[in-house]
Amino acid sequence: MTRSTSLESLPNEIIYSIFNNVSSRQLWTEVRLLDKRLYSFIVSREYWLRRFKDKHDIIVRPEIKRNKELRELLRINIEVEEIKSRFDENDCLTDYLSCTGHIGTPDAFHTRRINNRRILFTGARDHKVAIWDLQNAVENKNLQKGIKAQIHEAHSGWIWDINSSDQYNFYTSSWDGSVKLWRYGSSAVMEDRFKSEQAFLKLACFNSCVAASNYSGKVSILDFKTSEKKVAEIDTKNFQITNKKKSPAIEVHYDNQHGGLIVGSENGHIYVFDPRNLSQPKFTKKIENLRTLTFNAGQLAACSSKKCFLLDPSNLNIELDFSQETNTVPFKCIPTYGGYFCADSFDIKIFTAGLNPRKITQATFSHRINNLMYGVGSDLIAGLGEGSIQLWPRDQIFLGRVNDMNDL
1 MTRSTSLESL PNEIIYSIFN NVSSRQLWTE VRLLDKRLYS FIVSREYWLR
51 RFKDKHDIIV RPEIKRNKEL RELLRINIEV EEIKSRFDEN DCLTDYLSCT
101 GHIGTPDAFH TRRINNRRIL FTGARDHKVA IWDLQNAVEN KNLQKGIKAQ
151 IHEAHSGWIW DINSSDQYNF YTSSWDGSVK LWRYGSSAVM EDRFKSEQAF
201 LKLACFNSCV AASNYSGKVS ILDFKTSEKK VAEIDTKNFQ ITNKKKSPAI
251 EVHYDNQHGG LIVGSENGHI YVFDPRNLSQ PKFTKKIENL RTLTFNAGQL
301 AACSSKKCFL LDPSNLNIEL DFSQETNTVP FKCIPTYGGY FCADSFDIKI
351 FTAGLNPRKI TQATFSHRIN NLMYGVGSDL IAGLGEGSIQ LWPRDQIFLG
401 RVNDMNDL
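The sequence shown begins at 1 in the working numbering and counts up by one.
It is worth saying that the hints were derived from the structure and are not from the lab. Because the structure is a prediction, the values reported are computed rather than measured. We treat Cβ as the ideally placed atom computed from N, Cα and C, and that holds for glycine. Errors might be hidden in some of the hints.
[Stated by the list, open to error] Below, a list of computed lysine-lysine pairs in the DSS-like style, where the Cα atoms sit at most 30 Å apart:
1) K195 x K145
2) K55 x K84
3) K246 x K195
4) K225 x K244
5) K246 x K332
6) K36 x K53
[What the hints assert, rightly or not] Label-pair ranges, simulated between beta-carbon atoms:
7) V22 x T100: 18 to 26 Å
8) G400 x R50: 43 to 51 Å
9) G400 x Q26: 13 to 21 Å
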């Protein structure tokens, strides 16, 4: 590396140009410590904001410009670089670990760090819940060996969602009209359940409660520490802009940053509620033919049969017409700080981050992609229609190919 004394004499623009050829991680861990002038460059919030455009050609969202602190901007730059380096090869999406962990379509994915391990919970139409240690799967280069526990007949119907409030408890929802509370340790044991006449679909945990959406368009607020369990309820039919008919509440999310409970209905209505006052939504938006509503990394991706929009979860304003920018209409879009992960029918597509996304890569599979998740440890997970689970682990960044034993 060039001696710091010679770097000190260079104009600012030359230093910026040099920095754009050095990884963000190396800038922070090595270059920053060389001398005071370089330190002052690298600990500048303005530098990391400028780097998005100069190095990555990314137009960042206004929320990032306004609210992200120095270390958050550094982390986002690192994530942008890692996603691009991890997925920029033509065959990158062929390098995955696979296992037929269910005999039915896996509809429910949930990841969480437990005892510093990346744990995956899956639920499917075979009524089973499976719990996976993803690090163990990577170490053995075998997803089957990552299975820690299986709960056969966890419900008497399809399992639609799994969520957790902490590392010791998780919830499951099912077509059988129940939400179950499980205790997780060396094994999983059911502790309690709430039963309804309507099928429960999606779950969102906040404070000591879990919000459970159902097929009739209602959202039950459950607190299993109370005797009645159901402490409040939202009937989305009452707040529809048009129709005023029952429509399944297909999505529910909790936005911790803004304190909003986000609900999406099959008829295209999206609501943001304040959990402290559920009598009226703070914001309402209508997007025709809504198929999925995904909340991640401070963004809300609303995918309909004709369009995909990125919304500001605090007010539901449209930040990006994703379909117009990318000429694609995914069934599901997962926004992350480092990029967008999209699934549609048999394809997975990955795009760069920001308000000007560009396609990095794509792959086509022989079975329909029913579910896609970008987990807490940057693991990409897909569930296919025939019951198999595909894992692209974060470890690819450091280990290279994780499935060099098979020509997939």
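Of all the hints given earlier, name the ones this structure violates by number, lowest first.
-> Violated: hints 1, 4, 7, 8.
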